[in-house]
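Trainee: Take the given structure of chain B and dock chain Z to it, following the hints.
Number of protein chains: 2
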Amino acid sequence: MTGAKRKKKNVLWSKMHTPHCEDIKYWCRKRLPILEWAPHYNLKENLLPDIVSGVMLAVQQVTQGLAFAILSSVHPVFGLYGSLFPAIIYAIFGMGRHVATGTFALTSLISANAVERLVPQSSQNLTTHNHSSVLGFSDFEMQRIGVAAAVSFLAGVIQVAMFVLQLGSATFLVTEPVISAMTTGAATHVVTSQVKYLLGIKMPYISGPLGFFYIYAYVFENIKSVRLEAVLLSSLSIVVLVLVKELNEQFKRKIKVVLPIDLVLIIAATFACYFTNMESAYGLEVIGHIPKGIPPPQAPSMGILSAVVTEAFGVALVGYVASLALAQGSAKKFKYSVDDNQELLAHGLSNVISSFCFCIPSAAAMGRTAGLYSTGSKTQVACLISCIFVLIVIYAIGPLLYWLPMCVLASIIVVGLKGMLIQFRDLKKYWNVDKIDWGIWISTYIFTICFAANVGLLFGVVSTIAIVIGRFPREKTLSIINMKEMEFKVKTETDDETLQQVKIISINNPLVFLNAKKFGADVMNLVQKENQLLDDISKCEQNTLLNSLSNGNCNDELAQPCSSEKCSLVLDCTGLTFFDYSGVSMLVEVYMNCKGRNVDVSLASCTASLIKAMTYCGNLDSEKPIFFDSVSAAISNIYSNKNLNKLSDHSEV
Amino acid sequence: MTGAKRKKKNVLWSKMHTPHCEDIKYWCRKRLPILEWAPHYNLKENLLPDIVSGVMLAVQQVTQGLAFAILSSVHPVFGLYGSLFPAIIYAIFGMGRHVATGTFALTSLISANAVERLVPQSSQNLTTHNHSSVLGFSDFEMQRIGVAAAVSFLAGVIQVAMFVLQLGSATFLVTEPVISAMTTGAATHVVTSQVKYLLGIKMPYISGPLGFFYIYAYVFENIKSVRLEAVLLSSLSIVVLVLVKELNEQFKRKIKVVLPIDLVLIIAATFACYFTNMESAYGLEVIGHIPKGIPPPQAPSMGILSAVVTEAFGVALVGYVASLALAQGSAKKFKYSVDDNQELLAHGLSNVISSFCFCIPSAAAMGRTAGLYSTGSKTQVACLISCIFVLIVIYAIGPLLYWLPMCVLASIIVVGLKGMLIQFRDLKKYWNVDKIDWGIWISTYIFTICFAANVGLLFGVVSTIAIVIGRFPREKTLSIINMKEMEFKVKTETDDETLQQVKIISINNPLVFLNAKKFGADVMNLVQKENQLLDDISKCEQNTLLNSLSNGNCNDELAQPCSSEKCSLVLDCTGLTFFDYSGVSMLVEVYMNCKGRNVDVSLASCTASLIKAMTYCGNLDSEKPIFFDSVSAAISNIYSNKNLNKLSDHSEV
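Those protein sequences? They're chains B and Z, same order as listed.
In terms of full-length UniProt numbering, the first sequence is numbered consecutively and its last residue is 653.
In terms of full-length UniProt numbering, the second sequence is numbered consecutively and its last residue is 653.
So that you can see chain B by itself, here it is in the shape it has in the complex (with noise of 0.2 Å):
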């Protein structure tokens, strides 16, 4: 008995007895896809790969986890617990084999907005001797990382909610030009945001429309401010990092452990920084006071949950579509399934359940998911294990990560933008292979940057749309069947003079209010063309009768002459994949106006709902049979109804 009838068995004995129990212990399964893989886990094959995967994640996990919660303009231990309880909790729910849930540019980029309209800079003086209870915060930084935990929150209550209602699969609606615009506009925005750190600058927080030109702006004006010792480290960090990566992605086949560059960048700078007294020698902005530990767990502030809605939404959706594309590509890659309602769960719950940590609002991120990736990483065991190392840098390294320059990490974060920046590439492809979708990827990316990525996305998804139902109305709806392919078919039967007369017209499309208007011209179109022929043939016979030579080249461009009696039109429905009332209607309307011309039609291989709606729509013919299942049984019906006309002909005479 195979595996499959036995499974079959047992849900059949299940639905008999006890229904309950195998129930849920299937839906758990479902929901819970941990329990799928974990007993399945091959411990000789994997854990040694997962083991490397999830050191050199660790590695990611930390210098973004501090890069972006400082992007969210929240304290950067909180990226530290923004790279810990999501992970895990993705790990327990999500499908995604290399998919590396933590902090994410585009959502902190995002949340931030939040966090600067409700707790503005400006406010730090005035609260910024009481310290709070947690781990010696400043209730400054505690409402900060409040109005991010209930971002956080509120977006994970939406994925659930549009888990709940099924909407993963809406996501068709996001294309891939959206989603490499989209990306590419945010890390723009990142690169930006980074590039105060990356000049030693002291800048206020710039946001809203046009706030990317606002920021370069206020750059060129201050330019006389800026630190030169930042902006050689900054230099020197990206290109030692540049270097050491493009020589990695060279040499990756030939020694099958890479250089950790990020961690011995830290490292060095951080022991730099310290020994030279950087800090107050160069006034060099650094991390600061990292603290140990991880707080006890505190709901977010509810009170604010309707003030961050709109980045609520914008976190929910723009997190999830990168999410679930780097899942796709994960399983595309290595030929598993991912379940799109199962990943909002996933993405929902992370959310949902680190915004009682003090986390800012997670995803996956393309850098880390190339980083597992590139280094074999067999399944989500990785990601549990970086999670070990991440709790080893809270509870004990932490700390020591105080000299870090900021120019240092501003340029860890800018140069694992790379793999998002250089997707301008995808431009040359777009232009060769479709001019609109290279269109909609120049305007996504120029609202992006004008506004914010979430903008930039509705607009995208917006744009696509109307793009394909502008095009609807535009495009042809029918295709003539070439003679030739069914001449064999009925030859055999019946005499070519028949054929002639029969135009087989193909429906290539589904027809709705979209189409129907272009539809019912371009058929009448083809039979007036008929009609027209039809006067240029009695000229053309007077020319045969003056000069019987030229008689080919005169038929070859009247090819389906329609003479005195009868002609016929069949219309192959195979392409009719669907209709509406407006397409039915003009089905009808395409009929009578052909009855009205004496020209009959057939309609072959209609759906039962067709003819249905067609015989309640329209008045039609109850005489003649008008339904065909194929179109050599309407060919043959109109060659049997010729062949009776004849014979009555016949009799008559």
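For chains that are exact copies, the list does not tell them apart, and a pair is met inside one copy or across any two.
Below, in silico cross-link-like pairs of lysine to aspartate or glutamate (EDC-like), each with a Cα-Cα straight-line distance of 16 Å or less: (1) K612 x D629; (2) K517 x E176; (3) K518 x D340; (4) K428 x E176; (5) K202 x E221; (6) K202 x E229; (7) K429 x E176.
Simulated from the structure, these hints should not be mistaken for laboratory data.
What you are looking at is a predicted structure, and each value in this text was computed from that prediction instead of being measured.
Mentor: Showing chain Z alone in chain B's frame:
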């Protein structure tokens, strides 16, 4: 020389010599349709029916003008102006021959919203004694018409702007069920607004979301203040109107001129009211003072334009959509053509110019257009003649209407809406033809009832689009071409064995992001099924060895088995009308997957752009051709390859 040829020659000639003069003439004829038809007006044939129609139309214009002005919350006389100016301007610019432009219930209902919001009833007492200089209207009345005229002005500007952007064709988005539901809902609103006159209740203006239900709630709360006289008079009027109109309809063919019951009723009621002094004796509400003449033109209040943007958009869209449907209906019935954009211009100018003459927003009304049909009108001359009679009413008869009871007017309005209200009968049709369109009708109607006509229209359009978008990913994307029909083509040339290893799939849809995923899954399912069959086949062959009698049985279900040698897939792209990046990359993916499974893929009848896109997008096999002009070419190629292989096999042997 035919007219068309001469025209063409003229155009050619004008392009070479004096382009401007001829171009301007051509443009004028195109944009001023009156220049096209007026010079050829057939006085003998058309004048008499047009005069008869004009007189009957004037009766409707006056009645509806008075009523819809009250519906707009302005003084009734402004409705008379609104029955005059827009009709003249439409006659000049419009192309619909039976389109009677003037006051319109739906647009009046929308503009009433703006009037009551900006100049509420309560402000009357403050300004009632300040008589303005215009025909003795109070400042209050002048402010109210100022708002209505501003709505009309802005709506007209929006329509002209849409004309400039050539957005007329965008009305294909508004389907018949949506128009039907929206107009039925609006008619229900109009009936509701007349209830207070029918019952003789004094009632405040109620609008806003769910206002519909609040009105009936108010009526039931104040059921005791109903005036029995008003109820009696209105019931009598309604019964008489319905009966006589029904009789008119029955005997229309026998007696050519119908009884103008509206006119008779107005005259009778006015006289009765005057002689019995109903106004003071029974407290019946009457129309009141109607000033003589037309005031000099005056610009609408430009200062409040920004406050009436919502209403202006509603009027512009609802008015245009309803009017275009009528013009197209007339064009279809009498076999001429109507230009969507020219109609936009005509209605836009009607609204803009009329707004300077104290007019409420205008559009074409269904009742009046139906009247023009039934009285046999031929051209817009009927409308121009009706304008003469409306002018007579304004200058001579108007003041006599003082005693016209409001309840009689309301009865005429309600009975006049019969045509819109019986659209409920469409529901049965939609149910039988397409359940989804039925659902759209119901929900659009509910939205219109609960909110307003413009909200309903928007909801209907958005849900129609959303449903089409949502249906795409679910519907089948391809169909397997019946091998029987192809067989005959190739039979003569090749052997059956080859044919059976070729699968021809026809793509029946545009291949875009909406259905690309489904398409890929469908094709791969087919290919996988083949591979599964392989196993069964080998089993089957064993069976055959065991029991050669059951051979035929066994092959029955396994029609096209795929042997260990290469199997072929021909994708017929005739029906692939357009594509985007997602579609092309899915095609390339399918090609690659099939190659991985040792299945040869050929594409037949691709467009040049598709070939270019696929060549660029995918790393296609450069050795073998994969694009063919037709399915038969692709099959021939497969056949010749097979033969080559066989030849080489033989030579090896």
